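Whenever a hint applies, use it, and build me the whole structure from the sequences.
Number of protein chains: 2
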Amino acid sequence: MIEVLRLSHRPFRDKRITTHCALVARAFNADSIVYSGQKDSKLESTIAKTAANFGGKFSISYQKDPIAYIKSRKAANYLIIHLTVYGMPIQDKISSIRNKDCLIVIGSEKVPPEVYELADFNISITSQPHSEVAALAIFLHEYYQGKQLKKQFTMARSEIIPQEKGKLVNSKLYK
Amino acid sequence: MIEVLRLSHRPFRDKRITTHCALVARAFNADSIVYSGQKDSKLESTIAKTAANFGGKFSISYQKDPIAYIKSRKAANYLIIHLTVYGMPIQDKISSIRNKDCLIVIGSEKVPPEVYELADFNISITSQPHSEVAALAIFLHEYYQGKQLKKQFTMARSEIIPQEKGKLVNSKLYK
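Protein chains in written order, with my numbering: chain A, 1 to 175; chain B, 1 to 175.
The reader is advised that the hints may include incorrect statements.
Any copy, or any two copies together, can satisfy a pair, since identical chains are not distinguished.
What the hints assert, rightly or not - Within a straight-line C-alpha distance of at most 25 Å, the following computed SDA-like cross-link-like pairs (lysine to any residue) qualify:
hint : residue 1 : residue 2
1    : 42        : 110
2    : 165       : 121
3    : 15        : 107
4    : 165       : 99
5    : 74        : 55
6    : 100       : 29
7    : 147       : 29
8    : 15        : 29
Calculated directly from the structure, the hints in this document are not laboratory data.
Since the structure is predicted, the reported quantities are computational estimates derived from the model, not experimental observations.
Written as structure tokens, this is what we have:
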């Protein structure tokens with residue numbers, strides 16, 4: 001199982017970034033995303049609608065206490081992976097992480113020091129500032145060695161069919 | 001040369017997404033980003049400050065007419081790569097793209113049909129909806145076959161030193 005934990009969501013400031021993180025988690029074969037901070041029912045419905053339309057199993061849920069949640073996942077033998085620009089390079093660590101259950105923690109501007117301590121791996125995707133959306137995508141891409149690019153989503157109502165030019169969407173494949 | 005063109009920027013709605021796209025472009029070894037839509041001097045100064053602080057050569061600039069800009073780059077023998085969920089899978093096309101000068105076009109919600117026509121390659125990173133930030137990151141990661149993760153940035157004032165736990169930043173490495 002691969003779960004993503006997005007810390008300290010703020011509906012006004014972070015709406016699109018958290019939405020992008022959740023969509024990346026789903027598209028790149030994570031099983032679920034959990035978020036803390038402010039509860040945001042609009043975020044939850046956007047993600048649930050996308051999952052219902054494009055298929056597969058993916059869920060989003062809210063956790064008030066992210067530290068307790070990290071501890072509970074650690075107790076359940078998940079590896080705690082904290083993605084941070086200050087961490088160790090992914091290319092040096094990913095082979096120790098693959099094929100294990102993971103909780104991937106992605107932060108906001110201020111991550112509590114306890115998260116660094118609880119993490120089994122603090123992992124950086126380059127040591128340059130960029131984006132938690134990109135960091136999550138690259139982490140999952142490396143975790144799955146690119147195989148997630150070919151994932152088939154079951155029970156989809158809409159399916160995009162790749163085209164050299166233009167757009168083709170098959171709809172109502174499944175009722 | 002690798003340039004990124006971000007279409008139809010709206011400072012209010014897209015501020016953080018465009019900032020993330022620009023930071024990913026820089027961190028993942030693109031040379032520059034150009035954006036169209038509304039001019040946004042705050043965006044430009046954020047990116048310029050990051051580049052000055054963390055080193056390397058990277059620039060951001062504004063173009064009023066993105067279609068004319070795409071045509072000019074096409075005339076200069078750049079491959080025009082349009083990242084879109086409707087395009088052909090990256091894994092089937094990337095070997096025809098590597099080692100060539102590219103203009104990578106990333107859209108907003110409505111991309112004019114002309115962009116699909118002008119593109120030498122319409123490329124998808126999965127056929128699932130997710131994020132232009134993630135799509136750009138995965139494209140560059142595949143273009144460089146992961147080597148951009150080890151890029152050294154010259155003339156940096158601040159350098160983050162990877163740590164198993166905690167944070168370490170070396171400052172004023174260069175005056």
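Taking the hints in turn, this is what the structure says about them:
no.: 1; hint: 42 to 110; verdict: both (24 Å within a copy, 22 Å between copies)
no.: 2; hint: 165 to 121; verdict: between (42 Å within a copy, 8 Å between copies)
no.: 3; hint: 15 to 107; verdict: both (14 Å within a copy, 19 Å between copies)
no.: 4; hint: 165 to 99; verdict: between (37 Å within a copy, 23 Å between copies)
no.: 5; hint: 74 to 55; verdict: neither (29 Å within a copy, 38 Å between copies)
no.: 6; hint: 100 to 29; verdict: within (14 Å within a copy, 31 Å between copies)
no.: 7; hint: 147 to 29; verdict: both (10 Å within a copy, 24 Å between copies)
no.: 8; hint: 15 to 29; verdict: within (22 Å within a copy, 28 Å between copies)
Hint 5 alone, counting from the list given before, is not met by this structure.
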